[in-house]
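S.K.: Letter by letter, the chains look like this.
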Amino acid sequence: MPDTLDITVEFTGGLEMLFSNQRKHAISLPSREEDGNPATIAFLVRYLCQSVMKDRRKELFVLDDTVRPGILVLINDADWELEGEDKYEIQKRDNILFVSTLHGG
Amino acid sequence: MAPSPCARCKVNRALILRPKNHQRLCKPCFIATFEAEIHHTITTNNLFQRGERIAIGASGGKDSTVLASVLKTLNERHDYGLELILLSIDEGIKGYRDDSLETVKRNAVQYGMELCIIGYDELYGWTMDQVVEQVGKKGNCTYCGVFRRQALDRGAAKLGVRHVVTGHNADDVAETVLMNLLRGDLPRLSRSTSIITSMPSAIAPPKASGPGTSGVIGKNTNHGITDVRRSKPLKYAYEKEIVLYAHHKNLDYFSTECIYSPEAFRGSARTLIKNLEKIRPSSILDVVRSGEDMARLVPGNEDAKRCEGACKSTRSNLPSAEEEEEGAGGCGTSGRSTGGEMAAMEAKLLHNDVASAQVLETEITLPARPRPRNGQAHDRHAHTPFTNEPPSAATSSGGQRHDRIDDDTTPTTPRPKSPTKKRSTTHTLPHPPKTQKPAQKMGQCARCGYLSSQSICKACVLLEGLNKSRPKLAIDIQLDAAEEAGRC
Ligand SMILES: [Zn+2]
Ligand SMILES: [Zn+2]
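Note that the protein sequences, when read in sequence, are chains S and X.
If you're matching positions, the first sequence starts at 4 in the working numbering and goes up one per residue.
If you're matching positions, the second sequence starts at 62 in the working numbering and goes up one per residue.
Everything labelled a hint here was simulated from the structure, so no lab data went into it.
Among these hints, one or two may not hold up.
Under the rule of at most 27 Å between Cα atoms (straight-line distance), these lysine-lysine pairs were calculated in the DSSO-like manner [claimed, not checked]:
(1) S/K61 / X/K339
(2) X/K198 / S/K61
(3) X/K88 / S/K95
(4) S/K27 / X/K88
(5) S/K90 / X/K339
(6) X/K88 / S/K90
Extracted from the complex, chain S is given alone in its bound form:
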């Protein structure tokens, strides 16, 4: 297993504002968590907060250790609820989209 997984992470619906105003991010995610388990969405979210997100308002993205309610997560265009939510194990070349429903309509 390679050390990193090359994936695409996208932020839309206003979330891009929290990530340097950039919609698409090419991420090389460590393929294993610190404890050796395969990288999951939960791990990705922690990684994004620590290593990618420069905005200090983390609570606009994460609440209670998970993605804030009102933010949809699509894994290769599928609702993450169909994929095991934050326990989904990330595969290489995955496209993970975070889209906020909370911003002005």
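Since chain S is already given, all that's left is putting chain X with the ligands on it; use the hints.
M.R.: Using the frame of chain S, we list chain X with the ligands on its own:
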């Protein structure tokens, strides 16, 4: 997890989990189902008439963009025979609307619709940037919200359009229901749940207003007597599905928060709605339906009124645009609530502990009590949700949201004086058919003629204050600008 097949076509892989019924659908089936449900809402509520010219209140945001896209699709698919135009309001906030108006302009091309952009300066003589310069950033959301509530109707009247549709979705309505329920404001709860609101707006100003006192607004809107109907075709559509529809159809929309309202997220009823949805997705529609059911029990509701002559509500059940979106905050184009309201509400509930379980009876039996105007919640303790604030704090805050300014403190909105405590039960049945509308009892603003429960509407009150401190010259210029407006 093994991919599951679409529940509808049984062929494609399911990508969408529907919040309302947990159905798993593939992309084409989801899009078809979403559109079919909006069509169902439109037809069962008789929202449109053939040949109608309809202005879509367009902000460039997800809701109005989806609304425009779906209405275009349905208008063609089912031959509604509608003429659809886009109507955008420019608040005059530099840098805020620029991008969203660009989005609306692209939408106009994409959907082949006429676009009219009307500015606060045209409608009121003030841009929001000028208002902020005058009153500061604190409290400016009040102005923005009051102006916004009237802007679509005024804009439509200017264009001679008699029907405005807005992108309010189920989450918006659920939020309004909860807010009004927590406030114990049942009349407003009743009004806010209706899918159609009919209101004469922008009626030519009464002759009384001479040139000197001239309605600053009236000058702009005397394009004849107009009935502007408002409706919400997306009322039963989940915000989640609206966003997914926009995503899967690759719609071009824009998202931002009002730059003058950076705190829009915190402690809001919106957060509560989203948390409820996470626990039980169907709860949003449940709240909407419950709101509708409760609305039928409210004395003064048109159904209730017809079943018993004793209900002497002096107010019509039909909302004016001014208050229809009261549950919505000053800022945020979809009528989003702003921060702090839940905190204010919580404080009020602590103060008013009878309200908890028996809101209905409380509302009916207790006399309306005027609330103090001072110490608006917005400024005070807006961001302390679910604190244990002592009742005294609640009293001083009055539990008011920051953009509620006069409605609750005036005697022109009497609670129905019901002699019997258990009256509510007599309203539960039967429900007569909703055929005739009650007579419109609301008055008109003496300045501008806008439908209002006050003798002078909120916008005119705010404008009076603004204009007082502005040099006369500026007003003249603004009136001139108004004359040449109407370019659409
Ligand atoms: Zn299908
Ligand atoms: Zn007025």
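S.K.: Take a quick look at whether S/K27 and X/K88 sit within 27 Å of each other, Cα to Cα.
M.R.: 22 Å, holds
S.K.: Checking one constraint from the list: CA of X/K198 to CA of S/K61, max 27 Å. Satisfied?
M.R.: At roughly 25 Å apart (the allowed maximum being 27 Å), S/K61 and X/K198 satisfy the hint.
S.K.: Verify the proposed pairing of X/K88 with S/K95, using a straight-line Cα cut of 27 Å.
M.R.: 23 Å, holds
S.K.: Below or equal to 27 Å on CA atoms is what counts here, so check S/K61 against X/K339.
M.R.: 20 Å, holds
S.K.: Would the hint linking X/K88 and S/K90 be met if the CA-CA limit is 27 Å?
M.R.: Status holds; Cα separation ~23 Å.
S.K.: Checking one constraint from the list: CA of S/K90 to CA of X/K339, max 27 Å. Satisfied?
M.R.: With a Cα-Cα distance of about 16 Å, the restraint between S/K90 and X/K339 holds, given a limit of 27 Å.
In summary, the structure agrees with every hint in the numbered list given earlier.
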